[in-house]
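Required output: the full structure, derived from the provided sequences and hints.
Which chain is which? The protein sequence lines are A and B, in order. Each residue of the first sequence is one higher than the last, beginning at 22 in our numbering. Each residue of the second sequence is one higher than the last, beginning at 158 in our numbering.
Watch out, some of these pointers could steer you wrong.
Reference listing, derived: stretches of chain A covered by chain B, where coverage requires no fewer than 3 residues with Cβ under 8 Å from a Cβ of chain B [to be verified]: (1) 47-58; (2) 63-72; (3) 77-83.
By construction, these hints were calculated from the structure, which means they are not laboratory data. Fair warning: this is a prediction, and the values are worked out from it, not measured in the lab. Beta carbons are placed, not taken as given, at the ideal position from N, Cα and C, and that holds for glycine.
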Amino acid sequence: AQKITQTQPGMFVQEKEAVTLDCTYDTSDPSYGLFWYKQPSSGEMIFLIYQGSYDQQNATEGRYSLNFQKARKSANLVISASQLGDSAMYFCAMINTGRRALTFGSGTRLQVQP
Amino acid sequence: GAVVSQHPSRVICKSGTSVKIECRSLDFQATTMFWYRQFPKQSLMLMATSNEGSKATYEQGVEKDKFLINHASLTLSTLTVTSAHPEDSSFYICSASGDSKNIQYFGAGTRLSVL
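Have a look at this one:
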């Protein structure tokens, strides 16, 4: 069985500062993928970033980067230069070779303050 | 690219009626589509996985006769909530994947309210 844990139900950050959202995972499968999604109040799920378990380098997508520490089974999302529009729920998720559906964490609500 | 369209975005219906929700991948072929349900302030819970041309695989506890899923083409999957009751009121959201990384792209979701 696989499990995703997000221990921060809510986070505050000042505009233009960086913020790290924590995510730890548990799986016995050597091959897996890790994802971060953003869900604004409108409800849609927006794909942000992907990290494969065999990827040598940490994934980056614009202001988003994934701090992948395989030995610690963590996949934290770093948002640099926060913007007011970054305020949303953020979900960490995982997929493995045996199960193509995503397993989601409980989410972290990020609020960016001016 | 990777746009998924979901309709309707909002539906209000009477108890006992059926509601159909459509999920379309607009610019890619989706080998697999997924249906999730989300309760307020909670995470997404997978309901079923559907592959084009085959029967959907339902998660434990999800009534397949209640939530009918059809995946007739590589770009369209539908979820029909049959004989809806107030407890079926929820946010339903679909996703589609078709690349080697299995990245799922989501529709905008459907908020169902059963009176």
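Assertion that chain B covers the stretch 63-72 of chain A - criterion: three or more residues, beta-carbon distance below 8 Å: holds (count 7)
Annotated coverage of the stretch 47-58 of chain A by chain B, confirmed only when three residues or more have a Cβ within 8 Å: holds (count 3)
Outcome, coverage hint (the stretch 77-83 of chain A, chain B; C-beta under 8 Å; three residues): violated (count 0)
Checked against the numbered hints listed earlier, the structure breaks hint 3 alone; every other hint is satisfied.
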